[in-house]
Amino acid sequence: MSYYFDGATQLITSTAPPIADFPITICGWFKPASTSTTQTMFTFGVSSSTRSYVSIAVNTGPVWSMESVDTGGTGRIFNSSVSLQTNVWQFVCASWDGDTATSTVNSRRIIVNTTKNTSATSFIINATTTWDRLSIGARRRSTIDEYYNGDAAECAAWNAILDDDEIFSMADGVKPSQIRPQNLKFYAPLVRDVYDVFSGTPLTLTNAPTVSDHVRRYG
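Numbers in the numbering used here are just positions in the sequence shown, counted from 1, shifted up by 5.
Please note: incorrect hints may appear among the correct ones.
[As the list claims (entries may be wrong)] No more than 16 Å apart at the CA atoms, straight line, and that leaves these computed lysine to aspartate or glutamate pairs for EDC-like:
1) K180 with D170
2) K121 with D168
3) K190 with D150
4) K121 with D198
5) K36 with D11
6) K36 with D168
7) K121 with D170
8) K190 with D26
9) K121 with D169
10) K121 with D177
[Stated by the list, open to error] Label pairs and their calculated CB-CB ranges:
11) S204 with S52: 26 to 36 Å
12) D150 with A38: 11 to 21 Å
13) Y200 with G66: 31 to 41 Å
14) S88 with S204: 30 to 40 Å
15) K121 with K180: 13 to 23 Å
16) S127 with T148: 20 to 30 Å
17) Q187 with D150: 15 to 25 Å
18) Q183 with S108: 32 to 42 Å
Hint data in this document are derived by calculation from the structure and do not stem from the laboratory. As the structure is a computational prediction, the values presented were derived from the model and not from experiment. Backbone N, C-alpha and C define an ideal beta-carbon position, used for all residues, glycine too.
Work the whole structure out from these sequences, hints included.
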């Protein structure tokens, strides 16, 4: 089973994300039901600001995108060359490196299934900024918007930059829990229960996303 989001009010969120700073890799399996609006599937953000967040989203086109916003409010959006498909499961992974000691962050790449796009996009982030929100099904910062319409499953996050082979193996169906476990900090399979099975991050359902069929996986 996975979870289906209505694109209007539903999301899964945490106020205690297990990763608060770069580097970060996030991924998930998503089956969008519509492409009519900009939507956010998975994000880490800051509750006191509309700025300083990272996410996997859908941009106009419609195409998959990785988004980040610096503390000055400038959006950094990197689009994949892969167009979004409705009612089809797609694996999406994005990574950002950087160090708040130097305050420079690079949006490294976005991978859709096994198609990789590399980015040279850089931005400056306030060294004191740390993420205190994690959301699946919407973009949650000081506001909640860009609600996602469709299914989500196998959402995970690492405090490291995964290599291509690790990411491609998940696109082939390997579970995130089998990929670099020493750096895996969040893993919510969304199989019936809404729970981070790896580090126990507390998750809250808002407006009851509904259970749906799960994507295939191995292990």
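A quick look at each hint next to the structure:
no., hint, verdict
1, K180 with D170, "14 Å, holds"
2, K121 with D168, "11 Å, holds"
3, K190 with D150, "25 Å, violated"
4, K121 with D198, "32 Å, violated"
5, K36 with D11, "12 Å, holds"
6, K36 with D168, "24 Å, violated"
7, K121 with D170, "12 Å, holds"
8, K190 with D26, "12 Å, holds"
9, K121 with D169, "9 Å, holds"
10, K121 with D177, "15 Å, holds"
11, S204 with S52: 26 to 36 Å, "20 Å, violated"
12, D150 with A38: 11 to 21 Å, "18 Å, holds"
13, Y200 with G66: 31 to 41 Å, "34 Å, holds"
14, S88 with S204: 30 to 40 Å, "34 Å, holds"
15, K121 with K180: 13 to 23 Å, "21 Å, holds"
16, S127 with T148: 20 to 30 Å, "26 Å, holds"
17, Q187 with D150: 15 to 25 Å, "35 Å, violated"
18, Q183 with S108: 32 to 42 Å, "34 Å, holds"
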